[in-house]
Structures are given as C-alpha cells and as structure tokens.
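Undergrad: So the chains spell out like this:
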Amino acid sequence: GEDVEQSLFLSVREGDSSVINCTYTDSSSTYLYWYKQEPGAGLQLLTYIFSNMDMKQDQRLTVLLNKKDKHLSLRIADTQTGDSAIYFCAVLLSGGYNKLIFGAGTRLAVHP
Amino acid sequence: GAVVSQHPSRVICKSGTSVKIECRSLDFQATTMFWYRQFPKKSLMLMATSNEGSKATYEQGVEKDKFLINHASLTLSTLTVTSAHPEDSSFYICSARDLGSGQETQYFGPGTRLLVL
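These protein sequence lines are chains A and B, in that order. Each residue of the first sequence is one higher than the last, beginning at 3 in the working numbering. Each residue of the second sequence is one higher than the last, beginning at 852 in the working numbering.
In isolation and in its complexed conformation, chain B is listed as follows:
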C-alpha cells in the first residue's frame, strides 16, 4: 500500500512555543490530506482537511489560528500548533487520500506524539 510519513514522531516542548509537524506522501501525490487528533484510548477526531494550493477546511470547534495547516505541494502538508499549552498534548495523525489508486482510500502516517510541558 501507499506510504505516508510523519516527522517528528515524538516532540516535547515548553508551553507557549510552536511546534510544526510534517506529513508526507512518499510514493503518491495527495491533493487532499487530513489531520486527526487522538486522545488516549479514544477514537480519531478529524481536525481539518488540507487541500493542496488552497485553505484548509476546519471542523467545528477546531481553532484555525491555533492549528495552522499548510499544504504547499502534492506530497507535503504541515500542521503547526501555535502557542502550545498542556491541553494540546495528544497524538496527531495525518492521512493522505490516494486518488491514483482508483479507489477512495486514505493512508495514515505513523503519528506524532506531542507533549507540552
């Protein structure tokens, strides 16, 4: 199957700093990528849909100024958590939609664990 990578896999930062997480589709082009957040022992919560070359679409309740998304190329989307606080600590997972497969499939990255102290 298609491969999606995320970097970093784990990050610890101080409260008030910003953290950037990268999501890359390695062997396919992704016009659409998705960012999810997962709380411990919970399901995935869709935060936003990232479209290449246009603004991201945020889900209700997700602050777009706090979670900045940039999808500058067909293989890269970034999520920046601005002025992070301890309540932003979570597991962030991206996925990429592989239209080239001819099927409606999303492939997920390995996730980034963020801990804000």
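Here chain A stands alone, though its shape is the one from the complex:
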C-alpha cells in the first residue's frame, strides 16, 4: 500500500529554523499536506501544496516539494516554543479515493 515516512523527532533552539522532512510512495498524489497536533487536541491544517508546485510560502512556513524524489519538507522560520507539537505529513491518495495517508508524525521540541 501507499506509505508516508517521517523522522520521529526533531529538537531545535528557539529562534532557529526547523526543517521537517517527509517521503512518500504515491507519485500520483495531487495534494500534500502538513498538519500540526498539540497535546490532546485534533489536527490543525497548517498548509498544503498542489503537486504542480515546487514551493509554497506562508508567513513563517515554507513547503518544498521534490516530485522526482517524492520528498516533501516543511521549514518553520524563527521557531518559537509555541511551535512545539507533532507535525504530520499527509498525501491525498490518487485514484479518486479522497483518502489521506498520514506519516507517523514528527515531534518538534523547541528549547531556549
């Protein structure tokens, strides 16, 4: 089946940039997403990118997509303690299924 993989943990210093990486197997995915989950809460849609784009920037967030390598990344500039959370990469399964396939999530820890 389709697979989405992420590194499980990232630790950064406050003020530095964070880069969370994701790889996927479905080369026909049209939409790719980043969600944020804080403890005990649901998922917050942070941003998404359409497959015909290479980059999307939204304030402190930059998404890079390398379709050839099936690699997606999320860069958070000037990381703050409030950015500490789990970040999930998700891809929309192709073939009209409308299903999202999630990675295992990357736990971002921001320290002073």
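No wet-lab data here; the hints were simulated from the structure. We treat Cβ as the ideally placed atom computed from N, Cα and C, and that holds for glycine. There is no bait here: all hints are sound.
Taking CB as the label site, the calculated pair distances span:
1. B:Val854 x A:Ser29: 29 to 35 Å
2. B:Leu877 x A:Gln82: 26 to 32 Å
3. B:Leu877 x A:His113: 32 to 38 Å
4. A:Gln61 x B:Gly912: 37 to 43 Å
5. A:Lys58 x B:Pro859: 35 to 41 Å
6. B:Ala923 x A:Asn68: 40 to 46 Å
7. A:Gly3 x B:Glu873: 29 to 35 Å
Assemble the complex: chain A is given as a structure, and chain B must be docked to it using the hints.
TA: Just chain B, lined up with the frame of chain A:
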C-alpha cells in the same frame, strides 16, 4: 479555516455499553466525513469514510457492526461504538471534506478521547 466540532470531547463508559460520538461541520457543508482512530504516540488510522445519505465505506479490518456510522445531514456524522470493550479505548478524530473551498482540503475536529473501563 473551516471549523469542525466533536462531541463529547471525553467519555468514560463501562464495558458492554455503547457510545455515540458526533462530528459537525460548523460553517460549511460536508458531503464526506472521515473517522480516524489514533493510538498513543501513533499516527492516524482511517477507519471509515462517511458519505451523506449513503452507507459508510469501511477500511479493511474495521468491523462495521461494531463501529456504526450515520451521516444523516450535510453537517453531521455520528460514530457509535457498540458494546465497547477496553481495547476500544482510543482517541477518535473526525474530519470533513470542504468542497466549497475549491481545493481538496480536510478539516479535523478536536477529537474524542474514549476510555472503556
């Protein structure tokens, strides 16, 4: 962004009882909603796709008679965990597909934590 609510946020029940969880899209209509289950420190597992006015589509390995889904209106889907057992204890999250946005986006509810004693 669009808002999805879930009720209750937390429920404790005795083994053998049934629990109903509601998922509502508050400011948009959702012909399709999804139900996920999340185990501690794990990713989300899609349980079923709920389509307004028709039967839900269950993922492989999910018992449709145990997890009853009803999507009676464009803003409400319910998940009923029937004859709950301790192994059903989990975090259940719904999402709703907002077609009105013109993009293929899913918005998630805050989740319902179920504890079966």
